[in-house]
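S.K.: Put together the whole structure using the sequences plus the hints.
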Amino acid sequence: KQEVTQIPAALSVPEGENLVLNCSFTDSAIYNLQWFRQDPGKGLTSLLLIQSSQREQTSGRLNASLDKSSGRSTLYIAASQPGDSATYLCAVTGSQGNLIFGKGTKLSVKP
Amino acid sequence: NAGVTQTPKFQVLKTGQSMTLQCAQDMNHNSMYWYRQDPGMGLRLIYYSASEGTTDKGEVPNGYNVSRLNKREFSLRLESAAPSQTSVYFCASISTGTLTYNEQFFGPGTRLTVL
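As they're listed, the protein sequences go chains A and B. Every position in the first sequence, counted from 1, becomes a number in my numbering once 9 is added. Every position in the second sequence, counted from 1, becomes a number in my numbering once 22 is added.
Among the hints, a few may not be true.
To be verified - Straight-line C-alpha distance at most 30 Å; calculated DSBU-like pairs for lysine-lysine:
id, chain 1, residue 1, chain 2, residue 2
1, B, Lys79, A, Lys51
2, A, Lys51, B, Lys93
3, A, Lys112, B, Lys79
4, B, Lys31, A, Lys51
5, B, Lys36, A, Lys51
No lab work stands behind these hints: they were computed from the structure.
M.R.: In structure tokens form, the structure reads like this:
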């Protein structure tokens, strides 16, 4: 059974820092990996999608990498801002297109 | 382009009452999903529909039923609500390619409380 783990569960950094969020999965047979952002009381906003054949994707200050063989992905956020404060969720796509989620990393960026 | 829409946004039920959560997507996606999100448990799959006319159980299907009314709509029904079903419910849809899945899109969620 596929399991997704995110470390750390919570992270607090000062504004301007570069930071890395980690995601690991137990079964390397994935279709793709998706990173989401969730603000308190809100829905999920898709940030980046990495297909299984790709190694990384970039969008603005965000860069996500994927290493299928080791079962790992990282989300790199450059020059963090208070507006980046949210919970970040990692999910891998299962055989029926369903997503298997980690429990998230709650990020707080202090001004 | 509305994407994935869900109704209602909030609902309070008494134990034993029934209700249907509605979901619709306008992206012509084949596959649709219902998840629930609970503190400390993350998001878990309840039911999914790989295509119009088909539905299958996910990780936590007990106490729920679903209907894929047409390609656009996928509803989730609680026949006899229980306090354990207090949760936030998300509907999602995805387009499929040849031997691959693309980006999954989520609705805004329904916050359900069962007293």
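S.K.: Failing hints, ascending?
M.R.: Checked against the structure, no hint fails, so every one of them is satisfied.
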